[in-house]
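Novice: Produce the entire structure from the sequences given, and follow the hints as far as they go.
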Amino acid sequence: MLYYKAWLETRSRFLTCLTVLALFSAVFTHHAQGFLHPEWKTDFYRLLFIAHEYVIILWILSVVLLGMGGLVREHATGTSSLSLSLPVSRAHLLGVRIAVGIIEAIALGVLPWATIFLVSYTGGMPILFPQVAFYTALLVGGGMAYFALAILVSSLVEGEYTAPAVAIGLVFLATIAFDAWLRRFNLWRLITGSFSVDRTTYLLAGHFPWLAVLASLCAAALMLLASVRIIQRRDF
Amino acid sequence: MIDTHVIRTRDLAKSYGSATAVRDLNLSVGKNRVTAFLGQNGAGKSTTIKMLLGMVRPSGGEALLLGKNIADAKGNCEVRRRVAYVAENKPLYGYMTVEQTVSFASSFYPDWQTDLASHLLNQYKLPSQQKVNTLSKGMRTKLALLLALARRPELLILDEPSEGLDPVGIEQLLSMLVARAADGITIFFSSHQIAEVERIADHVCILDNGRLLVDASLDLLRQSYRRINLSFTSVISERQLRIAGVQKIRTDGRRMSIFASQNADAVIARARDLGVVSVDVARLGLREIFLETVLEN
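Chains as they are written, first to last, in my numbering: chain F, 1 to 236; chain C, 1 to 297.
Fair warning: there could be bad hints in the mix.
Over 10 Å on every C-beta distance to chain F, these chain C residues come out as not near it, computed from the model [what the hints assert, rightly or not]:
#, residue
1, Asn32
2, Leu92
3, Ser103
4, Asp115
5, Pro167
6, Ala195
7, Gln262
8, Ile268
9, Val281
Label pairs and their computed distance ranges (CB to CB) [claimed, not checked]:
#, chain 1, residue 1, chain 2, residue 2, range
10, F, Ala226, C, Asn69, 23 to 31 Å
11, C, Gln129, F, Arg229, 37 to 45 Å
12, C, Thr4, F, Ala107, 36 to 44 Å
Quick caveat, the hints were computed from the structure, so don't treat them as lab data. The beta carbon of each residue, even a glycine, is placed where N, CA and C say it ideally should be.
Specialist: Written out as structure tokens, the structure is:
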């Protein structure tokens, strides 16, 4: 039933984000097809590369919103004593929220590219399935650190608006800071495909950056573990 | 040896920075009793309850809840299956309907009493399909109580249970608590409503500024606490009447009013030795005992 509770808590946010991402992907792809000739493949892939950047922005905003809530927020609204009086550990409570959030984040990552694939296929300009898989894996695998960051912030900040604002601010700051000083390690560039794209064909080429994605997932795991420790030690 | 206490604390303390919420609390709550936890706002009642339930980490001391150390997170988690707690603000998830809330809560407790839950739903006239955030405060209180009562706990901890209830609801609540106590459930509740405490409690603990001032059965309190009004022919020093059990002395010329927690007979004997001309001894109700104790502190 904790999964059901987590679903009820995030349901409206998740469905709204899902709808926005699906609509954006469908409209963008359909619009791109409208002014491109079928033979302009490169330009189509370039547009898809740009579309992916917008998808990422929307996806990050979505996972930040999904990461909000939890015991700290419940403490502010006065319901934490109900959750904490249940015969389950704090780690379990947070674990369920993380699990549901990850499933929703994956769904939000898969849906836009599934939509792009379907719309382009039905519009007569089918894109390569490996490209769809590459973009999706980059987004979901690499981007999970953003979800973990949102969970970490929601374990520290209880304000309804402050927590997402802090999380989004940190995403921007990290992107700018890494781009300025540690561009090779910039997560934003990893998940946009900037390190993998062939600038002539605008196809993602070469091997999938497993190591970088793994590093990002490790960073996400560390942030989630830190969140669990913070929640376990906090007074409510 | 079987421990007959469901709650035992030893020097339990909680500080928030320089502010001390609970200090050196030594509390024992007996099994199969209705124990009232009385205190002003900010006395430390809720903090104590939250420490017992593992929501707040103590700054010092230790406590056992149903025999398990509260510092042991795993043990405390298991104990929460046997304890029902209704917090002061009657927290409920506003996005759930009444039916979803009942179904959600029931999934955590193997001894959930479906019949009792249905009975209370009808008795309290709770609308099953209505969202919790649209319920009135009284309805929310009733739902929170339903969740606590239907899980068949060994220990029921209630923080200001009657808050938000109308007189009929309070009457139903008190009757229900008396019935649950008769079924063998230990009840530990905090309240400002002294009339309610006097009606259902066997045992009373008075907390003030984080300190436990009184821990005694209600009968014992009624038997031992006295107000003794004395008149003398001349002015008497208060010091001469300061013996064990005398909590407070008010002097007005040759008249003296003594608040004694015990030893009333000894006080009267001392007064007679000092040439008292008039003695008036009055039994005290819980209200006066509470007010005098707290004001004295």
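Novice: So, for every hint listed, does it hold in this structure?
Specialist: So, going through the hints one by one against the coordinates:
No beta-carbon of chain F comes within 10 Å of the beta-carbon of asparagine 32(C); the shortest separation is about 22 Å. Leucine 92(C), annotated as away from the interface, has a beta carbon of chain F within 10 Å; the closest lies near 6 Å. Listed as outside the interface, serine 103(C) is inconsistent with that label: its C-beta sits roughly 7 Å from the nearest C-beta of chain F, within the 10 Å cut-off. No beta-carbon of chain F comes within 10 Å of the beta-carbon of aspartate 115(C); the shortest separation is about 20 Å.
A cut-off of 10 Å between C-beta atoms confirms that proline 167(C) is not in contact with chain F; the least separation is 25 Å. Look at alanine 195(C): its CB is around 26 Å from the nearest CB on chain F, clear of 10 Å, so calling it non-interface holds up. With a minimum CB-CB distance of about 38 Å to chain F, glutamine 262(C) clears the 10 Å threshold, and the non-interface call stands. Under the 10 Å C-beta cut-off, the non-interface status given to isoleucine 268(C) relative to chain F holds; the minimum distance is some 49 Å.
No beta-carbon of chain F comes within 10 Å of the beta-carbon of valine 281(C); the shortest separation is about 45 Å. Separation of alanine 226(F) from asparagine 69(C) is about 27 Å and conforms to the stated range, judged on CB atoms against 23 to 31 Å. Between glutamine 129(C) and arginine 229(F) the C-beta distance comes to about 40 Å, which sits within the given range of 37 to 45 Å. Our hint of 36 to 44 Å for threonine 4(C) and alanine 107(F) is violated, since their Cβ atoms are close to 54 Å apart.
Of the numbered hints stated above, those contradicted by the structure are hints 2, 3 and 12, listed in ascending order.
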